[in-house]
Amino acid sequence: MSLSAKADGTSIEFGSQVLSDVYSDVEAYYGARVARYGATPLGVDWSCQATQMLRFVQLLKICDFSAPFSLNDIGCGYGALAAFLAMRYPKSKIDYLGVDLSHAMVSRARRRFSGPDRRFVVRKASPRIADYSLASGIMNVNCGHSRTTWEGYIATILRQMRRTSRRGFSVNFVVDAARRSAEPLPDTLYRTSSQPWIRFCERELGCSVETIDDYGMKEFTLLVRCNQTAAA
Amino acid sequence: MGLAIHDSTTLDVLALLNRRFGPDEIVEMVALQKEFQIFSSDHSLEDSFYLLGIMPCDRAERDRWFKFLGTLKNYESDVPNVNGYDRVIVAFEQTLIILPHIPPNPVLPLFVDVHAMAEDPRVTFSDGFPLLFSVQPYKVLSIPTKPGRVARQEAANAAKARRAKKSKK
Chain A
1 MSLSAKADGT SIEFGSQVLS DVYSDVEAYY GARVARYGAT PLGVDWSCQA
51 TQMLRFVQLL KICDFSAPFS LNDIGCGYGA LAAFLAMRYP KSKIDYLGVD
101 LSHAMVSRAR RRFSGPDRRF VVRKASPRIA DYSLASGIMN VNCGHSRTTW
151 EGYIATILRQ MRRTSRRGFS VNFVVDAARR SAEPLPDTLY RTSSQPWIRF
201 CERELGCSVE TIDDYGMKEF TLLVRCNQTA AA
Chain B
1001 MGLAIHDSTT LDVLALLNRR FGPDEIVEMV ALQKEFQIFS SDHSLEDSFY
1051 LLGIMPCDRA ERDRWFKFLG TLKNYESDVP NVNGYDRVIV AFEQTLIILP
1101 HIPPNPVLPL FVDVHAMAED PRVTFSDGFP LLFSVQPYKV LSIPTKPGRV
1151 ARQEAANAAK ARRAKKSKK
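Chains as they are written, first to last, in the working numbering: chain A, 1 to 232; chain B, 1001 to 1169.
I should point out that these hints are in silico values taken from the structure, not numbers from a laboratory.
Since we're looking at a predicted model, the values are computed, not measured.
Just so you know, not all the hints are guaranteed correct.
Here are the simulated DSSO-like cross-link-like pairs (lysine-lysine), alpha carbons at most 27 angstroms apart as the crow flies [said to hold, decoys possible]: (1) B:K1034 <-> A:K218; (2) A:K91 <-> A:K124; (3) A:K91 <-> B:K1034; (4) B:K1067 <-> A:K61; (5) B:K1165 <-> B:K1067; (6) A:K61 <-> A:K124; (7) A:K93 <-> A:K61; (8) B:K1146 <-> B:K1073; (9) B:K1168 <-> B:K1146.
Here are the in silico distance ranges between beta carbons for each label pair [said to hold, decoys possible]: (10) B:S1126 <-> A:S20: 36 to 44 angstroms; (11) B:D1063 <-> A:S20: 29 to 37 angstroms; (12) B:R1062 <-> A:G31: 35 to 43 angstroms.
A short, non-exhaustive set of chain B residues, derived as facing chain A with CB atoms under 7 angstroms [unchecked claim]: (13) A1031; (14) L1032; (15) E1035; (16) L1052; (17) D1058; (18) G1128; (19) L1131; (20) L1132.
Every residue gets a Cβ at the ideal spot worked out from N, C-alpha and C, and that includes glycine.
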């Protein structure tokens, strides 16, 4: 399996109109979820709080908690990671910025978790460079877009995360259902093996990648470490 | 269950439990237990189930479900001096623990069942093959219950008896 030409970013430009449509659809999708389920794991498409937290544990392995750091939470939703950080690492100094497309999500996050070192913005990408960035689950629901379009969107997000991360970033994906799941999954769920995205991060973004896939879920997490200067 | 929540809600919650702790998802539950010790004497059963999303969607039913879990403290279990509530916590904890063994033993899924309270009023936990159509071995946790209508009738009869006794005085 390989990424589409658009996702590779080498031969075809990922059209801004296409990207704009994807952003709109994603915003509408999660806006509807949070309207229906509120600020809960179901509101961001996770089965429960515990699985959401286990994903955070994996994604946060990119961070060095021995010293203060800044963190961009891409697709922060209603701010579940901010709450998790406060609970799990109460003594760590973390300059947190939650970024989300959805006004509805961000307004809930602000109401619940805003603080001096905890801010939330409605944006497509982080407006600042931080030590680390992470994104939990935002690559999974393709909102009905074709695989090619969706992979182009993912590649765009990964490039943005690379640009706005000094030390590294982490993301997770649902693993290819054919290999790991006995149950059929919906067509709107993007599934992939790790190899294409490892290659993408290594070759296109110039990073080194560690894969975690042994935490009991039908998915994997990529810890992507940036080498020296940020990519253009 | 029974008197506590609607029959359809009971079926939903049992289905949810048996999916999350069934053969396809037990590995995920083991990982969650290993990371967060969700089932332990440090946490209430209500909190553990809340964290795992094991609860009815309907808010009113959800409250009744959590209330029902609390009533398990009044149940007996198959272990002397351990009430039904604590037995349930231990059953989940024991199911999800991986004992050191070479080669590692596979974790058995947990099947949550109900049985007639009239036959056995205790919460029980055992090994078995609860699915007649499957050879998959399970840990089986069974909760005693009685039909809601029977429980209501019994409560009405008891109230009637109390009133009659009172009027005689």
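Evaluation of the provided hints:
1. B:K1034 <-> A:K218: holds, 17 angstroms
2. A:K91 <-> A:K124: Roughly 30 angstroms between the alpha carbons, so the hint for K91 (chain A) and K124 (chain A) is violated.
3. A:K91 <-> B:K1034: holds, 23 angstroms
4. B:K1067 <-> A:K61: Between K1067 (chain B) and K61 (chain A) the Cα gap is close to 38 angstroms, so the pair fails against 27 angstroms, i.e. violated.
5. B:K1165 <-> B:K1067: violated, 31 angstroms
6. A:K61 <-> A:K124: holds, 24 angstroms
7. A:K93 <-> A:K61: Holds - the C-alpha atoms of K61 (chain A) and K93 (chain A) are around 16 angstroms apart, at most 27 angstroms.
8. B:K1146 <-> B:K1073: holds, 17 angstroms
9. B:K1168 <-> B:K1146: violated, 32 angstroms
10. B:S1126 <-> A:S20: 36 to 44 angstroms: Given a distance of about 59 angstroms, which is not inside 36 to 44 angstroms, the answer is violated.
11. B:D1063 <-> A:S20: 29 to 37 angstroms: violated, 44 angstroms
12. B:R1062 <-> A:G31: 35 to 43 angstroms: Taking Cβ atoms as reference, R1062 (chain B) and G31 (chain A) lie about 25 angstroms apart, which means the hint is violated.
13. A1031: holds, 3 angstroms
14. L1032: holds, 5 angstroms
15. E1035: This interface hint holds because 6 angstroms falls under the 7 angstroms limit.
16. L1052: holds, 5 angstroms
17. D1058: violated, 13 angstroms
18. G1128: This interface hint is violated because 22 angstroms lies over the 7 angstroms limit.
19. L1131: violated, 15 angstroms
20. L1132: Violated, about 20 angstroms.
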